[in-house]
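S.K.: Each chain is listed here by its residues.
Number of protein chains: 2
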Amino acid sequence: MTTTVTTTSYDPRTGQVLGEARSSTTAEVDQALDLATRCAAAVADASPAERAVWLHTLADHLEEPATAHELIALADRETALGRVRLTAELARAAGQLRFYAKVGDEGSWLGATLDASTAMRPALARVEQPLGPVAVFGASNFPFAFGVLGNDTASAIAAGCPVVAKAHPAHPLLSERLGEVAVAALDAAGAPLGAFSLVAGFDAGTALVVSRHTAAVAFTGSQRGGLALWRLANERDVVIPVFAEMGTVNPVVVTPGGATRMSEVAAGFAASFTMGTGQFCTKPGLLLVPAGSGASAAVRAVLERSARPGWLLTGQMAAEAHDGIARLVRAGGQVVAQVPGPEQGWSAPTTLLEVPAAGLTGGSQLLEECFGPVALVAEYADAAELATVLGALPGALAASVMSCGPDDPDAAAAVRALAPRVGRVAVDDWPTGVAVDWAQQHGGPWPATSAPASTSVGAAALCRFTRPVAYQGVPDHALPPALQADNPWGLTRRVAGVLEVGP
Amino acid sequence: MTTTVTTTSYDPRTGQVLGEARSSTTAEVDQALDLATRCAAAVADASPAERAVWLHTLADHLEEPATAHELIALADRETALGRVRLTAELARAAGQLRFYAKVGDEGSWLGATLDASTAMRPALARVEQPLGPVAVFGASNFPFAFGVLGNDTASAIAAGCPVVAKAHPAHPLLSERLGEVAVAALDAAGAPLGAFSLVAGFDAGTALVVSRHTAAVAFTGSQRGGLALWRLANERDVVIPVFAEMGTVNPVVVTPGGATRMSEVAAGFAASFTMGTGQFCTKPGLLLVPAGSGASAAVRAVLERSARPGWLLTGQMAAEAHDGIARLVRAGGQVVAQVPGPEQGWSAPTTLLEVPAAGLTGGSQLLEECFGPVALVAEYADAAELATVLGALPGALAASVMSCGPDDPDAAAAVRALAPRVGRVAVDDWPTGVAVDWAQQHGGPWPATSAPASTSVGAAALCRFTRPVAYQGVPDHALPPALQADNPWGLTRRVAGVLEVGP
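From first to last, the protein sequence lines are chains A and B. Under this note's numbering, read the first sequence as residues 1 to 503, first letter to last. Under this note's numbering, read the second sequence as residues 1 to 503, first letter to last.
If you're looking for bench data, these hints aren't it; they were derived computationally from the structure. One should not assume that every hint holds.
What the hints assert, rightly or not - Just a few of them, taken from the derived set where beta-carbon distance is under 7 Å, the chain A residues facing chain B:
1. Pro468
2. Pro475
3. Trp489
Said to hold, decoys possible - Non-contacting residues of chain B with respect to chain A, defined by C-beta distances greater than 12 Å in every case (computed):
4. Thr6
5. Gly15
6. Val17
7. Val53
8. Ala259
9. Thr260
10. Val336
11. Ala413
12. Gly443
All values derive from a computational prediction rather than experimental measurement. Glycine residues also receive a C-beta, built at the ideal position from the N, C-alpha and C atoms.
Chain A on its own, in the form it takes in the complex (with noise of 0.2 Å):
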């Protein structure tokens, strides 16, 4: 293996070098494995009590006061997404990891089934079971939240997996540390040595993907990287689930009722696609407003007036943004409003362009996501253009629809064009935040994420990590204790067709 032996650390604020982050030995990345291999039955066996112990103990440790101080300082010198956003996130990614050990321990997610037995067969019972050791590639803009101790790395534990994440080249430094404190909380906890191991570099994720020990893969980032693990993973002997969560452009669409209150959407618009610099997997990436409704101008006072510069995370998300912005402009968008960056470091002009709704048809470069603080403006002639348009859209993690209130005959029927081309519809809110709760759905048809019928964000994440296996005739000691007669977890479960609520 051709190694990078270090990963460069940069302030985006400056571009000057923070440091540097080792790379992963081939030796290292095969221990990482292996020791996930090892300890696989180990995690799988516990009970999701134990399992919620231990991502409870790396929850308080993250949270421990010296530690968040420096793991956030150290964010904010490599990401430069601020201390005030960072805290919040830390927060929220520890709030994260007692969400799911919470999931996992309330147990729905094991689909645990009994049927009796009949003259044609013994009783037949399910249950879902750990797939083993997964690979989490981290996101870059939610270091915290989605990163090496994100929601994938949360939900695999919690659903019995051992994970092997890699460090992310945007901040190398804090996933390395990230990485120190999971591995020494976790053996605070008692969990297995394995449970959690980090590698780093470029090589060290292709093998993650190609190793014969891991049984699948999360992602969180662009379509091209999440892409390109998906299709190592697809010419592997045996294929294995890459569950990958892409950047996509999410709609808005402002009905003629919601356009009424123009300034309000515009400076709802302006906030939510500008916030952390625009690098949400969310943002909302296109307004489709009523023609006529003058958002191009509302939006565009709103950014001249309060539009606050920002850095990007790289260098690279730098050139592709000011790119992204140019071949908007070749593919027929026009600049209606533009605030440059902070002078030094990494950014991008927070960029509003306006394009004519009939560009916007399939494969059209306007529809392709530009990461940053850049959105689209489109004025749709009538309801018909409207339905055109949504009907060209590719498939996007979330929509939003602005309207005039619950009683919007617009927002109804622009909730079921939306619904089927996205994860998530929300109305008179806008999509950006993504709520760690039971009914989220983050997600999307293709190409939002590689796997539509799943979700990296809410209970659902933890299925997954998961694989049914039916038991037919099992005597009852040898089954898993999920399905064993006196149902020591407690679990909720179906027996006979009917759910039986757990104690």
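We have chain A; now place chain B onto it with these hints.
M.R.: Chain B in isolation, oriented as in the chain A frame:
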């Protein structure tokens, strides 16, 4: 499109031509997909109870005595599976349609989940939604239960998806007739035009998979066929899921205790691997027995006493079974019993081969499925060698353990070793029967299926054809019925994290 204008129907008992079934033209395939697309919203919007009526009506039409008589006779002519078996299979197919109707109507598969609003966001609700038109490629070996009106079609319609099924070339006239029955039954039941269509011919199958109208593919058959469709779907601009249930070598472990009742085990094994002339995807293809247990001789004795030669479905399958036996011999198998097939028509000799356990390693040709009445016996020296062999087995649909009763300590160990490698593990029961019930899992790790988290039989079969969507702040009247406040479908739902069992 260059089409074979017809598919020839043959009598396997003689190899003689029975007739010709017309292949679909390009225009006919387009029309089927167009109808499916146009009616997709209506099929999705129908309540589960309405769709249950459609499926019940289809079951009733299949079982109408004159129709059933005609279908069974036609199936027997094209498949030579015998009227007794086919009569039972038609009843099973009708029962399946009613089972999926019941599961659909019960509604837990919708996963309706409601989270109340919080300070951070409005109410969030999540429900599974039908994907849209599903292309169904039925199996050769179960013309009713896994054919064009089998589990895939029944579960897809129950889940709210229109189906375009492809006629199977091993029973083209039956497929055509079943298609007519289905179209008439669904029309009589009030289902929208296009809820089910049949197309025929190889090119029609390719067209289904590449069509932008197709949302998912379900396939039952060989690895070669399943993987070809999977690759084709992965090359699309918008990749769609392919649920390919493929053939495997299903292992049976006889424990030392189980070997004490070898004559019973041998009789069961012989009956199971020759059932349906070995044309079961759950055929036990490999019997692992303790060294010195005399299994080969015992099975040979049963075969020589009672093997009832039958026919194989197609000339190609017969040729491949002969090739497969030769391949197994070349790979180190020794023929210990061979009973010739019928003199006329398409068949292969019922064949038992003994193979060295040491030869059962990853990639060995001994571990490639040989479809037909062919099975292997391998002796293991001790528990360590058994563990090594089980560790090398590729993913399979099912496995069995033959023990000396519930207290056999080796049985629990074998279950534990087999569970990670199969979709279903049975103790003291043969794998051949696949009960249609809530707890069934008919799938297994790659390459048993292309989607190991899914099942093609049982209640969870519906879940292949849905995708979740979350609704955030959406007014009650604009939500899907499954999520509306007054719960019009009477579903069991998760509300604020707690399951509320429906009325």
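S.K.: Does each hint fit the structure? Answer for all of them.
M.R.: Verification of the hints:
1. Pro468: 5 Å, holds
2. Pro475: 4 Å, holds
3. Trp489: 15 Å, violated
4. Thr6: Non-interface label on Thr6/B holds, nearest chain A Cβ at 36 Å vs cutoff 12 Å.
5. Gly15: Holds, since 35 Å exceeds 12 Å.
6. Val17: 37 Å, holds
7. Val53: 20 Å, holds
8. Ala259: The claim stands: Ala259/B keeps its Cβ more than 12 Å from every Cβ of chain A (closest is about 18 Å).
9. Thr260: 17 Å, holds
10. Val336: 29 Å, holds
11. Ala413: About 9 Å separates Ala413/B from the closest Cβ of chain A, which leaves it inside 12 Å; violated.
12. Gly443: 7 Å, violated
The structure is inconsistent with the numbered hints 3, 11 and 12, although it conforms to all the rest.
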